[in-house]
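Colleague: So you can see what is in the structure, the chains are spelled out below.
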Amino acid sequence: MIWDDWLPLLIVLSSLSVGLVIFFLPEDRVATRTGLNLVGALLKLVLVGFMLWGVFQGHQYETRLPLLPGLDLVLRADPLSMLFVLLSSVLWLVTTVYAIGYLEDSPHRSRFFGFFSLCVTATVGVALAGNLITFVLFYELLTLTTYPLIVHRGTEVARRAGRSYLTYTVAGGALLLAGTVWLYAITGTVEFTERGFLSGLDASLHPVFIIIFTLLIGGLGVKAALIPLHGWLVQAMVAPAPVSALLHAVAVVKAGAFGIVRVVYDVYGIDFAAGLGVTLPLAILAAATVIYGSLRALFQDDLKRRLAFSTVSQVSYIILGIAVVGPVAAIGGLVHLVHQGVMKITLFFCAGNLAETLGIHRISEMNGVGRRMPWTMAAFTIGALGMIGVPPLAGFVSKWYLGLGALDAGQDWVIFILAGSSLLNAGYYLPVLYAVWFNEPPDAWSDERYFGRHETAWALLVPPVVTALLTLAMGLLASVPLSPLYWARIITTLEYLP
Amino acid sequence: MQDIPWGVLVILLPVVGTLACFLCPRRSVPLGLAAALGVVVCVAGLGWQVVEQGAQRYAIGGWGAPLGIDLYADGLSLLMLAVTAVVGLGISVYSTSYFEPGRSAFFWPLWMFLWAALNALFLSADIFNLYVTLELLGLAAVALVALAGGADALTGAMRYLLVSLLGSLSYLLGVALLYHSFGSVDIAILAHRMEASPAVWTAMGLMSAGLLLKTALFPLHFWLPPAHASAPTPVSALLSALVVKASFYMLLRLWLEIFPLSNSAPGQLLGLLGAVAVLWGGLLALRQTRLKMLIAYSTVAQLGYLFLAFPMATSIAWKGALYLLLSHALAKAAMFMAAGSILYFGGHDRIADLDRVAQRLPLTLAAFGLAGVSSMGLPPSGGFIAKWLLLEAAIRTGQWWWAIILILGGLLTAAYILKVVGYAFTQAEVTHEARAVPVPMEWAALALALAAVLLGLFAPWPLALMEIGLPFGVEAAR
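Chains as they are written, first to last, in numbering that gives the first Met the number 0: chain A, 0 to 497; chain B, 0 to 477.
Some hints here could point you the wrong way.
Which residues of chain B face chain A? A partial, calculated answer using Cβ under 10 Å [as the list claims (entries may be wrong)]:
1. Leu255
2. Pro259
3. Met375
4. Leu390
5. Glu391
6. Ala393
7. Leu405
8. Leu462
9. Leu464
Estimated spans, in silico, between C-beta atoms of each pair [to be verified]:
10. B/Arg26 / A/Asp27: 38 to 46 Å
11. A/Phe298 / B/Thr288: 38 to 46 Å
12. A/Arg63 / B/Leu410: 52 to 60 Å
Don't read these hints as lab results, they were simulated from the structure.
Beta carbons: idealized from backbone N, C-alpha and C, even for Gly.
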């Protein structure tokens, strides 16, 4: 059927075309731009939904275009890509609504939304990539399209942040490219294959494979913000709030973590990787990142910086879950890919609302803000509790599977990491929640704007409330068919069961 | 259609354009533009002929090779002609608005003449003819550099003239030696009769040295940045994008066809010089404070990449180098044109004072950015395909150290390109007066930059063209 060949490409093009049109819209065509944005986001969601249903029915979707002799550009729908593509298209819709509200009356919106769409195009391309070269292509595209978003405000601080971002990511991209070419020169293929394509090769190549693994993980670890490659993420906080949301929850950081899953599962194969002895160092690195990120978060007064260090910590849960080498932990890691995204985007939306409505940027200014903005802070509370792992929220599901899986795989030390990290999470989120709900508010907010009866503009309020509800739903309804947990189980079955 | 000698027309038409522009200086813009379009059509016709019927050989006036002049078009020539046509058209469109009428009357005849020389060079089938066309090319280029007027441009032009003459003289000496030894200057005949001897090594050394000087390979690059940066923008674009490539093309013909080398000492030496050029050019580009100088040093670095193919000497490596040549021609022309628009707009090209060009000239900055993406070798772009092929060749031949150079060079390129882009977003301390940039200038740059990016998405076609006539040997049929 023709759909089967072109649907993946259509999904990529749906946001690309919108982005290109938006670039050429005059600044004052607000209604057209908003309409285009929403239509693009909805169209993508519909197409993704259609594909999800098809994959569920056992359809094979694959677009294959020649890139070089013997190398194709492949876009393919498999369970792992569906997990990420669904996450990014749902959150894109929400973030678009939020960004429209957030950037109301600010300059250069055509440029912003143009790159915003390109950024999502790249993310979806990363998700659907069917081989390593396609992955590299979209991964680099993601680097380039996020840069103008980070420097959007055009200040000196923004320029520095952009420079730091590119220094890290371009260098990471170079490592990734080197690893990819090397792999291709040895094996003649870079096609993602279930359980990898390296295990059948000659044992004398194993040292080379370890070096290549280091190169690939080094390249991907930059975006996934593994220590010591996380520096850019905190600096990039100067970007507008929707961009932070995008960087942390939907696109950049996730692309890195997702890439690591791809490399471990579909290039090396989990068994082969474990046999090479590369998974344990990866697990230790991830565990160190989990603890380090939480520790640093504890000492930040700037709200966005605290959230940023929290991301550093939380994204490594995904990698930890993979690197522990056990099916149950893998479920926990994979499902956290989605759960962390939804929870973290809620928190960033709320931080943006505080900054936009009351001019609050620091935690020390947040006393009693729950009374002024109850809905926003309720959403924030759900997100924060989810991050700590309080049942029945989404974060609990992830941590439960991670802990159980670690025991199952005989890696008991991971339990201590999880427990320590949860304690630290509580240590840096609970005081905020306490101040928000129980402290007395100040007499006046530093930079208050009024929105009639509502606490803030509706376009700023609806997105965090929706994602907070999703956080709750993903925890309560975790085992419903087509839920993230359901997909994570399918992916794990494919990787582990004989 | 089948019998039209497109290859001859490709040379003849710009000559006619030269005369027409010279005789009617007031109408030089429409006449030149018409000639440019005509050349593009002729190249397309030749391309169709080559694809349909394979490599073409024309005997001018019906005289055969040893006596008369032969023109020869295979896949390599065709690609060079095609990229010249595309870049040439872009430069022509850009120049319609760039020059004031007085300069315009000088620019068009010279530019058409240079184009004729370039096309003739790419079609020449003997090494003496190559010399003649190279000399014509050099003279036209020197005159164009001097076009800006003023002391700087004249000094630059004079230095360029001396270098150019020295290079061609050295080449001519080599030609004379070969003619003396083998009694022919035809490439095919020479390739047949060639055998290694001290005279041949001397000849090849002299010819190569001359061509390396003209291609500005490190350490012979000293003349390039001032000449390329001080020229008027369309001239900078065509010097950096096309003229330096002509002498590289001749090097390719020499070493591929007349005297094939495989992993020998000269190849390693060229590779080493290329590697130093990549790093040195990149570092100096990073240190520049003026945009046009930065772009000129970037050319020095990018030319270095081309020479990395010599030590590997496999067909993948040659294809990678040629692909880099194509994408660099498009990208570098776009970059210079974008820089020219910025210069036109603000009256200066100090990088630190670019002052929100991203907002005020979005199309131009987009052109610069896209061309930069190709130069960095990031996907999707022609530069990425080229880098991929070169990296693959480096690893397959076991010479992984060239891969490290390629990666480092890419990082350096990213550093200096993004330095410019970063300043384009921020506000400078002194805001400057702005002059509106004509539409053709902005779009011509953007079109060429887009072409460089598209080269990355349609790679199988140019790569298939490279196989026609097997310029890279039988091994090419991988």
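Colleague: Are the hints correct? Go through all of them and say.
Modeller: We went through each hint and held it up to the structure:
no.	hint	in the structure
1	Leu255	violated (20 Å)
2	Pro259	violated (23 Å)
3	Met375	holds (8 Å)
4	Leu390	holds (4 Å)
5	Glu391	holds (5 Å)
6	Ala393	holds (8 Å)
7	Leu405	holds (9 Å)
8	Leu462	holds (6 Å)
9	Leu464	violated (13 Å)
10	B/Arg26 / A/Asp27: 38 to 46 Å	holds (42 Å)
11	A/Phe298 / B/Thr288: 38 to 46 Å	holds (40 Å)
12	A/Arg63 / B/Leu410: 52 to 60 Å	violated (32 Å)
When the structure is compared with the earlier hints, violations turn up for hints 1, 2, 9, 12 and for no others.
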